[in-house]
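Kindly produce the complete structure, drawing on both the sequences and the hints.
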Amino acid sequence: MKKRSARIYYVSFLLVILGFVLYAFVKTFNENLLYYRSPTQLVNGNFPDNYVFRIGGMVEQGSLIRVSGTKKVSFNVTDFNNKVLVKYDGILPDLFREGQGVVIRGYLQNNLFVAEEVLAKHDETYMPPEVKESLGLTEDGKYKTMESITQ
Amino acid sequence: MIIEIGYVGHFLLLLGLMNCIILLSPKVLTNSNISQEILFSASKLHFPIILISFLCLITTFVGEDYSLDYVSKNSNSSLPLIYKISAAWAGHEGSMLLWCVVSSFWMFLASVYSSNLYKRLRVNFLAIMGILNLGFLLFVVATSNPFDRNMTIPLDGNDLNPLLQDFGLIVHPPMLYMGYVGLSVVFSFAVACCFEDDFKKEWAQWIRPWVLASWAFLTLGIALGSWWAYYELGWGGWWFWDPVENASFMPWLMATALLHSVIATSEKGIFKSWTILLSIFTFSLSLLGTFLVRSGILISVHSFANDPSRGVFILFMLIALIGGGLLSYALNSKKFIDDSDVRLISKEGFFLLNNILLVTATFTILLGTMYPLFLDILGLEKISVGVPYYNAVFVPLMIPLILLVGYVPILLSRTSIDSQLVQLFIIFVISIFLSFIFSVQSILFFIGIFSTVWIIANILFDFYRSSDNSVKIRRRVGMYFAHFGLAIFIIGASVSESNKIEKEFTLEIGETKKVGVFDYRFENLKEFKSTNYDAVIASIIVSKGDRFITEINPEKRLYHSSDSPMTEAGINGRLDRDLYVSLGNMVSDNKWSMRIYDKPLIRLIWIGTIFMILGAIFSIRFKQSKIYE
Numbered sequence: 001m002k003k004r005s006a007r008i009y010y011v012s013f014l015l016v017i018l019g020f021v022l023y024a025f026v027k028t029f030n031e032n033l034l035y036y037r038s039p040t041q042l043v044n045g046n047f048p049d050n051y052v053f054r055i056g057g058m059v060e061q062g063s064l065i066r067v068s069g070t071k072k073v074s075f076n077v078t079d080f081n082n083k084v085l086v087k088y089d090g091i092l093p094d095l096f097r098e099g100q101g102v103v104i105r106g107y108l109q110n111n112l113f114v115a116e117e118v119l120a121k122h123d124e125t126y127m128p129p130e131v132k133e134s135l136g137l138t139e140d141g142k143y144k145t146m147e148s149i150t151q
Numbered sequence: 001m002i003i004e005i006g007y008v009g010h011f012l013l014l015l016g017l018m019n020c021i022i023l024l025s026p027k028v029l030t031n032s033n034i035s036q037e038i039l040f041s042a043s044k045l046h047f048p049i050i051l052i053s054f055l056c057l058i059t060t061f062v063g064e065d066y067s068l069d070y071v072s073k074n075s076n077s078s079l080p081l082i083y084k085i086s087a088a089w090a091g092h093e094g095s096m097l098l099w100c101v102v103s104s105f106w107m108f109l110a111s112v113y114s115s116n117l118y119k120r121l122r123v124n125f126l127a128i129m130g131i132l133n134l135g136f137l138l139f140v141v142a143t144s145n146p147f148d149r150n151m152t153i154p155l156d157g158n159d160l161n162p163l164l165q166d167f168g169l170i171v172h173p174p175m176l177y178m179g180y181v182g183l184s185v186v187f188s189f190a191v192a193c194c195f196e197d198d199f200k201k202e203w204a205q206w207i208r209p210w211v212l213a214s215w216a217f218l219t220l221g222i223a224l225g226s227w228w229a230y231y232e233l234g235w236g237g238w239w240f241w242d243p244v245e246n247a248s249f250m251p252w253l254m255a256t257a258l259l260h261s262v263i264a265t266s267e268k269g270i271f272k273s274w275t276i277l278l279s280i281f282t283f284s285l286s287l288l289g290t291f292l293v294r295s296g297i298l299i300s301v302h303s304f305a306n307d308p309s310r311g312v313f314i315l316f317m318l319i320a321l322i323g324g325g326l327l328s329y330a331l332n333s334k335k336f337i338d339d340s341d342v343r344l345i346s347k348e349g350f351f352l353l354n355n356i357l358l359v360t361a362t363f364t365i366l367l368g369t370m371y372p373l374f375l376d377i378l379g380l381e382k383i384s385v386g387v388p389y390y391n392a393v394f395v396p397l398m399i400p401l402i403l404l405v406g407y408v409p410i411l412l413s414r415t416s417i418d419s420q421l422v423q424l425f426i427i428f429v430i431s432i433f434l435s436f437i438f439s440v441q442s443i444l445f446f447i448g449i450f451s452t453v454w455i456i457a458n459i460l461f462d463f464y465r466s467s468d469n470s471v472k473i474r475r476r477v478g479m480y481f482a483h484f485g486l487a488i489f490i491i492g493a494s495v496s497e498s499n500k501i502e503k504e505f506t507l508e509i510g511e512t513k514k515v516g517v518f519d520y521r522f523e524n525l526k527e528f529k530s531t532n533y534d535a536v537i538a539s540i541i542v543s544k545g546d547r548f549i550t551e552i553n554p555e556k557r558l559y560h561s562s563d564s565p566m567t568e569a570g571i572n573g574r575l576d577r578d579l580y581v582s583l584g585n586m587v588s589d590n591k592w593s594m595r596i597y598d599k600p601l602i603r604l605i606w607i608g609t610i611f612m613i614l615g616a617i618f619s620i621r622f623k624q625s626k627i628y629e
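As you go down the protein sequences, you meet chains U and A in turn. With the first letter of the first sequence counted as 1, position 54 gets the number 54 in this note's numbering; the numbers rise by one all the way through. With the first letter of the second sequence counted as 1, position 458 gets the number 458 in this note's numbering; the numbers rise by one all the way through.
No wet-lab data here; the hints were simulated from the structure. What you are looking at is a predicted structure, and each value in this text was computed from that prediction instead of being measured. Warning: the hint list may mix true and false statements.
What the hints assert, rightly or not - Calculated pairs, EDC-like style, for lysine to aspartate or glutamate (alpha carbon to alpha carbon, straight line, at most 20 Å):
#	chain 1	residue 1	chain 2	residue 2
1	A	K268	A	E202
2	U	K87	A	E504
3	U	K27	A	E202
4	U	K72	A	E502
5	A	K503	U	E31
6	A	K513	U	D89
7	U	K72	A	D589
8	U	K72	A	E508
9	U	K72	A	E504
10	A	K73	A	D166
11	A	K503	U	E117
12	A	K591	U	D89
13	A	K503	U	E98
Given below as structure tokens:
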């Protein structure tokens with residue numbers, strides 16, 4: 001009998017520890033999930049300020065503004081339906097250019113997307129799948145409909 | 001003339017396919033002695049066939065044969081010769097062919113060195129290797145043939161991605177593949193053993209050198225990749241928890257677990273079932289990693305060009321190979337179950353804890369890598385898992401493991417409790433002293449320093465104690481080297497992460513900025529023309545007070561054929577610290593944005609891995625005794 005109750009204590013102790021570890025694990029996991037949104041979802045959705053997530057789309061032609069003498073830049077990210085103004089104070093990746101797909105991690109502040117990290121892909125013909133989808137492109141990079149360009 | 005070489009390569013590829021089928025057919029049809037001889041010869045012959053096919057591919061690159069689609073997409077006439085050669089495995093198709101070459105090479109070795117196995121085991125073992133080789137080759141021929149032709153022949157090629165025009169990327173994939181595919185030998189052997197009545201100690205001994213060799217290659221491959229990312233990507237980081245890095249790290253962790261459990265099996269005959277299962281898992285993870293990367297499902301910096309239509313083939317292949325392996329295990333695992341007791345504070349107990357921690361760590365990484373993928377496939381949500389998750393989960397799992405590593409010498413030498421306490425006291429004093437030197441501010445950092453001292457000091461104590469017993473030392477030297485390497489790695493990682501200085505700012509020519517203890521003066525900017533790119537090279541003079549320290553020359557290149565810019569970081573590397581400068585872009589006349597990083601001890605990260613690799617090499621022992629049923 002004694003042996004058995006000792007075992008019960010032992011097992012319940014282990015379960016408590018395990019439960020705690022699992023809880024911490026799930027919490028950490030959830031806290032570190034980065035959601036991906038397209039400019040349209042961003043405009044239609046309601047996002048709290050300072051909530052970090054990722055957006056993606058195309059850098060709008062002619063929208064890139066560099067503040068002379070500093071590394072501050074701003075540009076529009078568009079999915080051809082809606083666009084978001086992005087502000088960034090940092091060094092842009094080598095392959096960042098207008099008309100190129102980008103993925104940006106950052107947060108909203110007064111309807112402005114403040115970028116923490118800007119990723120442009122290493123291959124000039126490559127576009128992240130999420131961006132393709134936001135832009136309404138098919139898998140092989142062709143436009144699905146003419147509308148998605150003209151809109 | 002050159003054009004025909006592409007055909008020769010293609011023909012050899014198909015010949016290889018035939019060879020695989022021949023290799024397997026006698027096994028399927030009969031089991032006579034002659035058919036076994038065919039099997040043994042075919043498994044050796046496969047390597048030269050595929051190798052020559054691959055050499056043909058390289059020849060088409062050197063000969064600028066743009067009638068091949070793959071060549072025209074990945075090369076250019078202005079490319080230096082060395083990159084024309086390495087371009088052969090820079091793209092998807094070529095790298096998959098390289099995978100086949102490596103796979104056939106391991107099968108060759110397996111065939112040559114398996115003559116001491118008894119017939120039935122050897123036949124099954126090589127037949128499974130043959131199935132793997134057939135699968136890979138089918139994948140290449142059916143979906144990723146580098147010998148496919150262009151409808152119209154372009155005048156010049158598209159060029160090799162500038163990021164890949166680098167020495168690191170010449171050697172990184174072959175080494176990584178040697179590691180990945182080396183594990184296929186272990187996998188095949190384990191699956192073959194499933195069909196035997198027992199898994200004997202000697203068999204675990206037989207497979208151990210293969211595990212060690214693959215592990216050494218895998219370590220080298222990952223270290224080279226991380227080294228390349230560090231100096232080539234221009235962000236100064238060495239590990240990003242990128243899905244593709246995870247894809248190589250998961251099999252590494254599993255192989256590390258296997259490395260230890262196989263010792264327990266070969267010495268004591270315990271953990272048989274587990275060692276077999278782990279062997280299957282390890283190679284499955286390397287398959288999963290590579291093919292997920294190559295299928296274009298994973299979104300990452302490595303996905304240079306990809307085609308999701310290959311996904312279906314890959315999925316079926318993965319299900320067949322991994323599923324087949326696991327099924328063989330599941331149907332036969334009852335035979336290998338042993339109910340021997342393992343005491344926790346013993347060599348075997350430590351192996352057990354090591355395995356539990358490493359496998360748990362692998363699964364947490366697997367979850368972080370695969371979960372976004374599943375959500376995406378189900379169309380629920382597009383997410384990615386942030387880097388903090390990995391650090392928060394992985395590091396706490398590794399701390400107990402590292403403490404165990406440090407305790408190993410004490411365990412083996414059966415030190416008395418008194419001298420253990422004295423040792424612990426000395427180690428604490430040294431770590432606190434070091435903490436002051438590195439001005440430690442976080443507990444994690446202190447743990448890093450403590451565990452380094454803990455591991456190294458315990459090893460040295462054991463050396464001191466057993467200095468009169470050279471046999472003992474010789475037996476342990478491999479392990480100590482590897483564990484010492486781990487300690488060196490930990491100190492490099494924790495000091496460089498905690499004490500790094502990272503600054504991003506703009507600097508005008510002639511201007512000076514202070515970062516950390518050094519002054520950086522932007523001296524001038526020179527233009528430079530190479531065969532396939534133009535560059536500007538900055539001259540940054542680093543000084544401390546009045547003392548000149550060094551000159552650093554970061555570059556910004558513009559590659560002609562693809563019109564893409566590339567940053568080449570300038571690094572002043574020394575053992576105690578790296579000074580790292582990378583150019584951003586010109587923000588106004590004579591003014592550039594740039595990153596300046598000061599990373600203390602960062603080199604120890606890679607020096608540590610060299611020790612780990614040496615440790616594995618020293619542990620390899622070839623004992624060619626006959627293995628009976």
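Checked hints:
As the CA atoms of K268 (chain A) and E202 (chain A) are separated by approximately 10 Å, the hinted pair is consistent with the 20 Å bound. Between K87 (chain U) and E504 (chain A), the direct Cα distance comes to roughly 16 Å. Compliance with the 20 Å bound is thereby established for this hinted pair. Restraint check: the Cα-Cα separation between K27 (chain U) and E202 (chain A) comes to about 46 Å, which exceeds 20 Å; the hinted pair is violated. The hinted pair formed by K72 (chain U) and E502 (chain A) meets the criterion: a straight-line CA distance of about 18 Å does not exceed 20 Å.
Our distance criterion of 20 Å between C-alpha atoms is broken by K503 (chain A) and E31 (chain U), whose separation comes to about 27 Å. Of the supplied pair hints, the one linking K513 (chain A) and D89 (chain U) holds, its CA atoms being roughly 19 Å apart against a limit of 20 Å. Of the pairs offered as hints, the one joining K72 (chain U) and D589 (chain A) holds, with about 16 Å between alpha carbons and a cut-off of 20 Å not exceeded. Taking the CA atoms of K72 (chain U) and E508 (chain A), the gap is about 16 Å. The hint holds against a cut of 20 Å.
Using a Cα cut-off of 20 Å, the hinted pair K72 (chain U) and E504 (chain A) holds, with the two alpha carbons roughly 11 Å apart. Restraint check: the Cα-Cα separation between K73 (chain A) and D166 (chain A) comes to about 18 Å, which is no more than 20 Å; the hinted pair holds. Distance restraint check for K503 (chain A) and E117 (chain U): the Cα-Cα separation of roughly 15 Å lies within the 20 Å cut-off, and the hinted pair is therefore satisfied. Our distance criterion of 20 Å between C-alpha atoms is met by K591 (chain A) and D89 (chain U), whose separation comes to about 16 Å.
As the CA atoms of K503 (chain A) and E98 (chain U) are separated by approximately 26 Å, the hinted pair breaks the 20 Å bound.
In this structure, the earlier hints numbered 3, 5, 13 are contradicted, and the remaining ones agree with it.
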